[in-house]
Structure formats: structure tokens, C-alpha cells
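Please construct the entire structure, taking both the sequences and the accompanying hints into account.
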Amino acid sequence: MTVAGLSAKSITGIAGFDEITGGGLPQGRTTLLVGGPGSGKTIFSVQFLAHGATACNEPGIFVAFEEAPKRIVANLRSFGWGLDELQRKKLYFMDAQPMPDLIQSGNFDLGGLLAALEAKAKEMGARRIVFDAMDVLLALLPDEATRKREMHRLHQWLLDHELTALITAKAGEGEAGSPAEQPFGFMQFMVDCSVILNHRMNISVSQRNLRVLKYRGCSFNEDESPFVIGKNGFDVALAHSRADSKVSFERVSSGVKRLDTMLGGGYYRGASVLITGFPGTAKTTLSGTFAEAACRRGERTMFVSFDSDGSEVIRNLTSVGIQLARFVKSGILRMVSARTITGSAETLLVRIKSLVKEHDARCLVIDPVSALSKAGNELTAHAVAERLIDWSKSTGITLVCTSLLDEVSGPSTNASPLQVSTMADTWIHLNYLVQAGERNRGMSIIKSRGTSHSNQVRELILSDDGVTLADIYTADGEVLMGTLRWQKESAERFANEVAEVAGKLKRVSLDAEEAVLEVRAKSLKTELIAKQVEKALLVRTTASRKRELSGGRSRIRELRGADVAKAVRKRSGHESSS
Amino acid sequence: MSRVPKFKFRLYVAGNTENSLQALSNLTALCEKHLANRYELELVDVFRDPGRALTDRIFMTPTLVKLTPAPIQQIVGTLAQTSALMQAFGLGNLAI
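Residue numbers (my numbering), protein chains in the order written: chain A, 1 to 578; chain B, 1 to 96.
Errors might be hidden in some of the hints.
[Unchecked claim] Keeping only pairs whose Cα atoms sit at most 35 Å apart, straight-line, the calculated DSBU-like set for lysine-lysine is:
#1 Lys122/A to Lys8/B
#2 Lys8/B to Lys120/A
#3 Lys231/A to Lys329/A
#4 Lys89/A to Lys9/A
#5 Lys231/A to Lys357/A
#6 Lys9/A to Lys70/A
#7 Lys170/A to Lys9/A
#8 Lys8/B to Lys70/A
#9 Lys522/A to Lys504/A
Simulated from the structure, these hints should not be mistaken for laboratory data. Computed from a predicted structure; not experimentally measured.
This is the structure:
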């Protein structure tokens with residue numbers, strides 16, 4: 001008989017568990033599953049069998065020592081594993097409950113059980129087997145030596161048949177004690193893999209944890225992992241999702257135009273956006289604009305509201321011009337009131353995840369995410385929020401969550417109670433500015449990874465027409481908002497008008513002056529020409545007079561009859577100069 | 001001596017294992033001593049007939065089933081403690 005190598009693994013189909021163990025339970029080996037009452041042992045083991053039968057073509061046998069198989073099947077039917085269908089061929093429930101009035105007399109062994117199993121396993125070609133509530137059987141065995149002997153016999157039989165086995169056993173109250181002290185302690189040393197399920201109450205909120213205690217020949221996640229029993233069975237939470245998320249450069253609108261501009265184009269697709277603020281700072285409104293914009297683009301969106309019902313949110317958003325009702329009608333938007341989801345933060349996360357999956361949403365709003373840390377969840381809420389962001393990133397969902405800040409902490413003492421702020425890609429902070437008897441909303445981008453973003457505080461204005469951002473004024477080092485800003489704005493507008501009119505006036509008068517000057521220049525020019533003409537006239541008259549004079553003289557000389565040659569030369573010189 | 005009804009037994013054994021052999025010999029001895037000619041014994045070997053173990057829900061061997069007189073009773077083990085067995089069969093007054 002060959003011994004299956006430990007590297008081979010049987011996938012359990014349990015979300016998260018296969019990741020923790022690197023592929024499932026050791027194939028052909030035995031695993032011990034220990035947990036208190038109601039910790040989910042039966043669900044875990046039936047899911048393991050159902051998955052094997054459905055997905056891996058590995059028929060399985062369920063040996064029930066404690067509960068009637070009929071009741072088990074009825075209880076687990078709601079998980080939708082198709083147990084009724086599987087029972088026809090690939091899944092067999094063996095009712096091995098000991099008769100309540102069983103009389104013991106002397107030693108006995110499990111020969112009958114093994115013979116029966118042998119026959120059944122052969123008949124259906126079983127590869128997986130579960131012994132549920134082995135402690136019930138062990139309690140029947142008279143002493144420790146017999147228990148050990150019979151368990152070893154069973155274990156050997158399982159190994160010989162290369163069955164992947166899961167043995168469940170109840171843990172007592174002293175679960176923290178060493179495994180050797182337990183009645184099945186020796187089994188811990190016998191099996192190849194051991195898993196512990198815990199169910200604790202933390203301030204009346206239930207917390208379930210799973211821990212792999214040992215796994216021979218295999219590395220595994222040694223931490224306690226929270227898990228929930230959800231709609232489809234077990235869901236073990238992983239501290240970090242392994243899937244590398246694709247980084248997108250695509251931008252999605254925040255639904256407020258100016259905010260998009262401030263962010264350099266909007267949020268990144270698949271980013272996690274955190275909107276913090278005190279109560280009433282329009283966090284919901286800002287997430288509402290995002291949801292509306294997403295729906296307008298035709299992207300399936302889910303809006304999870306912790307504070308109020310979906311219809312209330314829609315009504316309230318309508319008052320600021322955000323119309324979501326039609327998208328709900330068309331089915332593109334799903335409103336979820338998380339008030340109706342009770343339970344731990346883990347449960348909420350799982351519920352949100354499955355709802356998102358169901359709705360096939362690309363954009364998700366959680367309002368507010370700080371609701372995760374309500375009473376009893378403080379310890380886990382941070383990890384849950386972290387996984388929420390991890391998960392949304394790995395699935396490429398653009399996540400907008402709001403977070404309430406209490407008045408005491410404020411943004412200066414740093415951020416939201418869950419410290420989501422450090423994980424979020426974009427962090428928008430909303431606050432009030434109380435001034436001159438008014439309370440106005442201010443918005444600033446505290447961070448936005450990978451995008452250039454405005455450093456400006458803007459005033460967030462809610463009106464019937466929607467959400468707008470307005471510049472704020474600083475005057476003498478003070479920020480002005482609301483009425484003061486309006487006053488300042490109108491004052492400035494008035495000043496502008498005055499300046500404009502004054503400018504016009506000035507221009508007109510300048511035009512006039514210019515015209516006057518032009519006219520004057522023209523008349524001067526005319527005067528100049530007149531003067532020039534006058535001057536030329538003067539020159540001419542002077543010259544002709546000279547000529548006349550000299551001509552007169554030469555004429556006189558001629559007449560007198562002396563100096564002829566000299567007079568001719570002088571005359572020619574005069575002509576050339578005129 | 002009161003009238004004692006007839007006893008019908010079925011003993012499930014696992015081949016020739018020690019426990020099974022012991023149970024068989026203990027039972028035969030008891031019956032021969034107290035129920036001579038007033039008992040029937042059917043022997044089922046679950047190794048040879050595992051289907052029977054499955055349908056009859058016999059998981060521990062050896063198992064003795066007392067079919068009559070009512071009520072039906074199951075006794076597991078080597079049937080070593082004779083007095084306890086006699087008590088269970090309602091034969092306490094016959095115990096030695």
C-alpha cells in the first residue's frame with residue numbers, strides 16, 4: 001500500500017481556509033477538528049464533503065455519532081450545497097448514534113463500524129470521510145487504553161484506505177489547556193493536521209475564530225483567523241488577500257465637478273476614498289454624489305447605509321438635487337440598510353461582500369464605515385476595515401466610505417477611529433466653521449495618493465440644485481465662508497462695477513482730449529503750412545526786391561556806362577540760389 | 001419457578017477477534033446454564049456480511065441484540081459480567 005505524500009491536498013472549498021493551509025486538508029490523511037458546542041464543526045465538515053463530491057469528484061461518507069443525519073441535512077439545507085441531490089450517489093450519511101439504552105458488558109471494539117464503512121466506501125468509491133462528534137463514541141469506550149487502541153485502529157484503517165478524513169470532537173470549557181489533557185489529547189499526536197474552532201463572546205457580540213494548530217509537512221498561517229458562517233457556509237477571513245490588484249489610471253467622477261478638478265480629474269478607479277467629518281457635515285451627501293455619478297455612467301453601485309434606511313437616504317439626498325430613486329428603480333443601484341444586519345464586524349463584512357457580489361457592483365459606498373466598530377467590535381473592526389479595503393482593491397471596486405469623527409478627537413489628533421485614513425487612497429475632510437453666527441461647511445483634501453490635488457479649503461454648498469464648491473475668502477488671515485463670503489463677494493462685485501464705470505468714464509474723457517488734441521494738431525499743421533507759404537513768399541519777395549535793387553543799380557551803371565562784365569557774373573549767382 | 005418466555009438472540013461478531021470469541025463463549029455458557037432449550041441464537045459476522053452491519057447499525061463489536069422478549073435490547077462487549085447481563089434480561093432472580 002502506498003502512502004500518499006503530504007504535499008497532496010484536498011480542497012475544502014471553504015473560502016479562506018484553503019488559502020491558510022495552502023490548498024486544503026492533507027490528502028489521504030486524518031485531520032482533527034476541535035471546537036466547542038456551536039462552533040461550526042458539523043458545518044465545516046459537511047461543507048468539506050459537499051465540495052469534494054461536487055467539485056472534485058470525490059464521494060464522501062459522513063458518520064454521525066451525535067445527531068441524526070436527517071436533522072443535519074435539514075439544518076444545512078439552507079446553505080445551498082445540494083445535499084439532497086448529492087445523497088443519491090456521492091454523499092452518504094451514516095447514522096451511527098449509539099442507542100441511548102445501550103448496555104455495556106466487557107470489552108468491545110469498532111470492528112462493526114469499520115466493516116460497515118469498508119463496504120460502503122468500496123460501493124461508492126469514497127475518497128473523503130467525516131466522523132462527526134468522535135467524543136460521543138470515545139465516551140463509550142471503557143478506558144483510556146481502549147480509546148487509544150480503537151483510535152489507532154481507526155486511524156490505521158483510514159491510512160490503509162487512503163481516505164482523507166476529518167474527525168470532529170467537542171472541546172470542553174478548558175479549551176486553553178494543553179491538548180494532552182483533553183480526552184482526545186492523544187489524537188492530537190496521531191493526526192497529521194489539527195484545526196481548532198473558537199466561539200467567544202466579546203461584549204455580547206459573537207466572534208468566531210479558526211486556528212490551524214498543526215499541519216505536518218506543510219507551512220501554514222498560524223494566526224487565529226476570524227470566520228463567519230454565512231449564507232453559503234464557512235467564510236474564513238484572511239488578514240491579507242493575496243491577489244495583486246490591478247492598478248488603474250482611470251478616473252471616476254466624485255459627482256462634484258470642482259472636486260474632480262481639485263483631485264486632478266476625480267478619484268482613481270478602484271481606489272478607496274475616505275470622507276471624514278463631524279455629524280451633519282454632508283458626508284452622506286458627498287458619497288451620494290459619487291453614487292449618482294456612478295449610476296449615470298451606468299455602473300452598478302451599492303450604497304450601504306448604517307444610519308438610516310435606504311429610502312430615507314434617497315429622500316434626504318433628493319433635497320439637495322441628488323436623484324437616486326430612478327436608479328434604484330432601474331436596478332442599477334442597490335440600497336442596503338445595514339441596520340438590519342446584526343452581528344460582528346466580520347459578519348457585516350461577509351454580508352457586504354456577498355451582497356456586492358450578488359449585485360455585481362463596481363462602486364460601493366459605506367456610510368459610515370465607523371459603524372463597524374460599534375460595541376463589542378472595537379478589537380476586530382480595524383482588521384475588518386483593513387480587509388474591506390484590501391478586498392475592494394483586489395476586486396477593483398471603487399470604495400467610498402464615510403467616517404464619523406467625534407468632537408473630541410477631530411482631525412488634528414488624527415483621524416478616524418479605525419485608522420482607515422492611513423489605508424485610504426484619498427482622504428477628504430469636511431468640517432464646520434462657525435463664524436459670525438453661522439455654521440458653514442468646509443471641505444479639504446487631506447491626501448490623495450498618486451494625484452496632484454488642490455491645497456485649498458473650499459466651501460461646500462448644498463442647494464436644491466446640488467452640491468457645489470465655492471472658493472473661500474481669506475481676509476486678514478481669517479477664512480470667510482457663508483454670509484461673510486457672500487458679503488465679501490458682493491462687495492467685491494460692487495467695487496468692480498465702480499471701477500469699471502470709472503474706467504469707462506476715463507476712457508471717454510481721454511477720447512475727448514485726444515480729439516481736441518488731434519484737432520489742435522491739425523490746425524497747427526495748417527498754420528505751419530501757412531507760415532511756410534508766408535516764409536517762401538517772403539523769401540521770394542526779398543530776392544526779387546534784391547534783384548530789383550541790384551538790377552536797378554546795374555541798370556543805373558549801364559545807364560552810367562561802366563563795369564559791365566562784373567554785373568553779369570553777379571546775376572547768374574543769384575539765380576542758382578533761388 | 002415461574003414460566004420463562006423463549007429468548008431470541010442475535011450476536012454480531014467481527015470475525016475471530018478476541019472480543020468476539022469471548023462474547024460468543026460467554027453467551028453460550030450463560031444460555032446453556034439458565035436458558036437451556038429456551039433460546040435461539042443467530043450469529044452474524046460483520047466481516048463477512050458488512051452490509052448487515054450497515055443496515056442494522058451495528059458499529060461496535062461484539063454486539064448482542066435481544067430480540068424477544070420485548071423490549072429489544074442491545075448489549076455491547078464481551079458479555080463478561082454475567083450478573084449485569086441477567087439483570088438486563090429480567091432474569092435477576094436466577095442469577096447466582
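Hint by hint, here is what the structure shows:
1. The hinted pair formed by Lys122/A and Lys8/B meets the criterion: a straight-line CA distance of about 33 Å does not exceed 35 Å.
2. Between the alpha carbons of Lys8/B and Lys120/A the distance comes to roughly 29 Å, so the proposed pair stays at or under 35 Å and holds.
3. Distance check on the hinted pair: Lys231/A and Lys329/A sit about 26 Å apart at the alpha-carbon level, within 35 Å; holds.
4. Of the supplied pair hints, the one linking Lys89/A and Lys9/A holds, its CA atoms being roughly 23 Å apart against a limit of 35 Å.
5. Restraint check for Lys231/A and Lys357/A: satisfied, since their Cα atoms lie roughly 13 Å apart, inside the 35 Å limit.
6. For a cut-off of 35 Å, the pair hint linking Lys9/A to Lys70/A stands: about 30 Å separates their Cα positions.
7. Of the pairs offered as hints, the one joining Lys170/A and Lys9/A holds, with about 25 Å between alpha carbons and a cut-off of 35 Å not exceeded.
8. With a C-alpha separation of about 31 Å, the suggested pairing of Lys8/B with Lys70/A holds against the 35 Å cut-off.
9. A hinted pair counts as satisfied when its Cα atoms are at most 35 Å apart, and Lys522/A with Lys504/A qualifies at roughly 27 Å.
In the structure shown, no violation is registered for any of the earlier numbered hints.
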